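Note that the protein sequences, when read in sequence, are chains C and L. In this text, residue positions in the first sequence follow my numbering: the first is 1, and each later residue adds one. In this text, residue positions in the second sequence follow my numbering: the first is 1, and each later residue adds one.
Worth flagging that the hints you see were computed from the coordinates, not collected in a lab. Mixed in with the good hints there might be a few duds.
Taking CB as the label site, the calculated pair distances span [stated by the list, open to error]:
| hint | chain 1 | residue 1 | chain 2 | residue 2 | range |
| --- | --- | --- | --- | --- | --- |
| 1 | L | Thr50 | C | Gln53 | 25 to 33 Å |
| 2 | L | Asp130 | C | Arg51 | 18 to 26 Å |
| 3 | C | Gly38 | L | Pro49 | 20 to 28 Å |
| 4 | C | Lys5 | L | His80 | 15 to 23 Å |
| 5 | C | Gly155 | L | Ile75 | 50 to 58 Å |
| 6 | C | Lys5 | L | Glu40 | 31 to 39 Å |
| 7 | L | Asp130 | C | Gln53 | 39 to 47 Å |
| 8 | L | Gly114 | C | Glu145 | 36 to 44 Å |
| 9 | L | His80 | C | Pro95 | 40 to 48 Å |
| 10 | L | Glu69 | C | His154 | 37 to 45 Å |
| 11 | C | Thr111 | L | Met1 | 43 to 51 Å |
| 12 | L | Lys76 | C | Asp26 | 27 to 35 Å |
| 13 | C | His154 | L | Leu78 | 31 to 39 Å |
Partner residues aside, some chain L positions facing chain C, computed with beta carbon under 7 Å [what the hints assert, rightly or not]:
| hint | residue |
| --- | --- |
| 14 | Arg24 |
| 15 | Tyr38 |
| 16 | Thr50 |
| 17 | Pro54 |
| 18 | Phe85 |
Computed from a predicted structure; not experimentally measured. Heads up, the beta-carbon is just placed ideally off N, CA and C, and yes, glycines get one too.
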Amino acid sequence: MAARKLYFESVRVGEELSTLVKPTIDRVQLARYAGASGDFNPVHVDEAFARAQGMPSVYAPGMLVMGMLGQLLSDWSRGAQLRRYSVRFIKMVWPGDILTCKGRVSDRWGTEGRYFAEVDLWAENQKGELVMKGQAAVQMFYSLEDENRQRAGHGPVIVDVPRESIRTPAPAPSTAPEGEEEASSEVASSEDEPELRVASGGKKKR
Amino acid sequence: MLDKNAIGRASPPTLNEVEKGAIRRFAEAIGDFNPIYYDEEYARASGFPTIVAPPTFPASFHSAADLRELLGVGIKSLLHAEQGFEYERPIFAGDRILVSTRVAEVLERTGPTGARMDVAVIDDEGRDEDGNLIFRARRTLVVRAAKENA
Numbered sequence: 001m002a003a004r005k006l007y008f009e010s011v012r013v014g015e016e017l018s019t020l021v022k023p024t025i026d027r028v029q030l031a032r033y034a035g036a037s038g039d040f041n042p043v044h045v046d047e048a049f050a051r052a053q054g055m056p057s058v059y060a061p062g063m064l065v066m067g068m069l070g071q072l073l074s075d076w077s078r079g080a081q082l083r084r085y086s087v088r089f090i091k092m093v094w095p096g097d098i099l100t101c102k103g104r105v106s107d108r109w110g111t112e113g114r115y116f117a118e119v120d121l122w123a124e125n126q127k128g129e130l131v132m133k134g135q136a137a138v139q140m141f142y143s144l145e146d147e148n149r150q151r152a153g154h155g156p157v158i159v160d161v162p163r164e165s166i167r168t169p170a171p172a173p174s175t176a177p178e179g180e181e182e183a184s185s186e187v188a189s190s191e192d193e194p195e196l197r198v199a200s201g202g203k204k205k206r
Numbered sequence: 001m002l003d004k005n006a007i008g009r010a011s012p013p014t015l016n017e018v019e020k021g022a023i024r025r026f027a028e029a030i031g032d033f034n035p036i037y038y039d040e041e042y043a044r045a046s047g048f049p050t051i052v053a054p055p056t057f058p059a060s061f062h063s064a065a066d067l068r069e070l071l072g073v074g075i076k077s078l079l080h081a082e083q084g085f086e087y088e089r090p091i092f093a094g095d096r097i098l099v100s101t102r103v104a105e106v107l108e109r110t111g112p113t114g115a116r117m118d119v120a121v122i123d124d125e126g127r128d129e130d131g132n133l134i135f136r137a138r139r140t141l142v143v144r145a146a147k148e149n150a
């Protein structure tokens, strides 16, 4: 039995992905990941080497953490096709760290029978510090009916869905009441740096 | 400062065969037990032709690239700052993927403490044997070159 699938019609901007708390990272996991990825950089597996480099211990490769955030993403986007996934590595991750992976739908749109959603993703350690943040875009069927039609060789269900976003809300109409102006100019300036302001549930760096 | 002439240097494509066991071990190492990575029947019932690879699986691919050679310097340390993937389609068990690597950019950035850092942007690309694109990956690395006489 395959799991329930994600369809566009049920995706909401602002919706949060179910939080994923990963088991404590240990040196065995770092060794496993080294073997599975083929990346045997000694800073991740050789304690003596890491200390000689001035590190307190070995540390987790960023790609392992990206893999964990990817797990959150694929758990949510079942049946959808991943189009883009990118991250920034922010803080080092050590054995003993417990990572919590979180995400939120930031955008959704549909055009010419193709439907997309974008999500903001981030991981925090047990101190609430942001260790990684990223973004992904997935493409999916509009609905079960759309999937069935396309699998039977018919054209897709076409619904034109203008882009909705928590980053760039639709500009206020010109008839907007006074007082809206300031708010919208703030939104415009924050566009340059799509930081995870909404996302930093934990402590922020000053 | 890294050599600007490194931009555009590329490695020849290297064949990677995607094995089921390799996918399972990779997913296990992440601690991701989604059955689409392990169970053939489940993957098919989910609409895939066979077992699927996790999104970051291309990190395990081999490329002929030697960064030292591509960048033209001895490397003291590399700090992975950013990573991105674009997928044309999912990667499946049984895929034969030709992976090539290219230096996309070499630049200097000023770090938060005012120190200058060398940054290299490296692009990887995976294609099937008919030349169809499967994925693109982009790594941004902070490079510390080894001192000549250190």
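Outcome for the supplied range 31 to 39 Å, where the beta carbon pair is C/Lys5 and L/Glu40: violated (19 Å)
Verdict for C/His154, L/Leu78 (Cβ pair) under range 31 to 39 Å: violated (50 Å)
Hint check, L/Phe85 versus chain C [nearest Cβ-Cβ separation less than 7 Å]: At 5 Å from the nearest chain C Cβ, L/Phe85 passes the 7 Å test, so the hint holds.
Cβ distance range 25 to 33 Å for L/Thr50 and C/Gln53, holds or violated: violated (42 Å)
C-beta pair L/His80, C/Pro95: status relative to the range 40 to 48 Å that was hinted: violated (18 Å)
Consistency of beta-carbon spacing, C/Gln53 to L/Asp130, with hint 39 to 47 Å: Holds: the Cβ-Cβ distance is about 44 Å, inside 39 to 47 Å.
Interface hint outcome for L/Arg24 [beta carbon to chain C under 7 Å]: Violated, because the Cβ-Cβ distance from L/Arg24 to chain C comes to roughly 9 Å (cut-off 7 Å).
Restraint outcome when L/Pro54 is required to lie within 7 Å of chain C by C-beta distance: Holds. Min distance 6 Å.
Interface hint compliance - L/Thr50 to chain C, C-beta minimum distance less than 7 Å: With Cβ-Cβ at 14 Å, over 7 Å, it is violated.
Hint check for L/His80 and C/Lys5 - Cβ pair distance inside 15 to 23 Å: violated (33 Å)
Beta-carbon spacing of L/Lys76 to C/Asp26 - inside the hinted bounds 27 to 35 Å or not: About 28 Å separates the Cβ atoms of L/Lys76 and C/Asp26, which means 27 to 35 Å holds.
Hint validity - L/Tyr38 Cβ closer than 7 Å to any chain C Cβ: With Cβ-Cβ at 13 Å, over 7 Å, it is violated.
Violated hints, listed in ascending order, are 1, 2, 4, 6, 8, 9, 10, 13, 14, 15, 16; each of the other numbered hints is respected by the structure.
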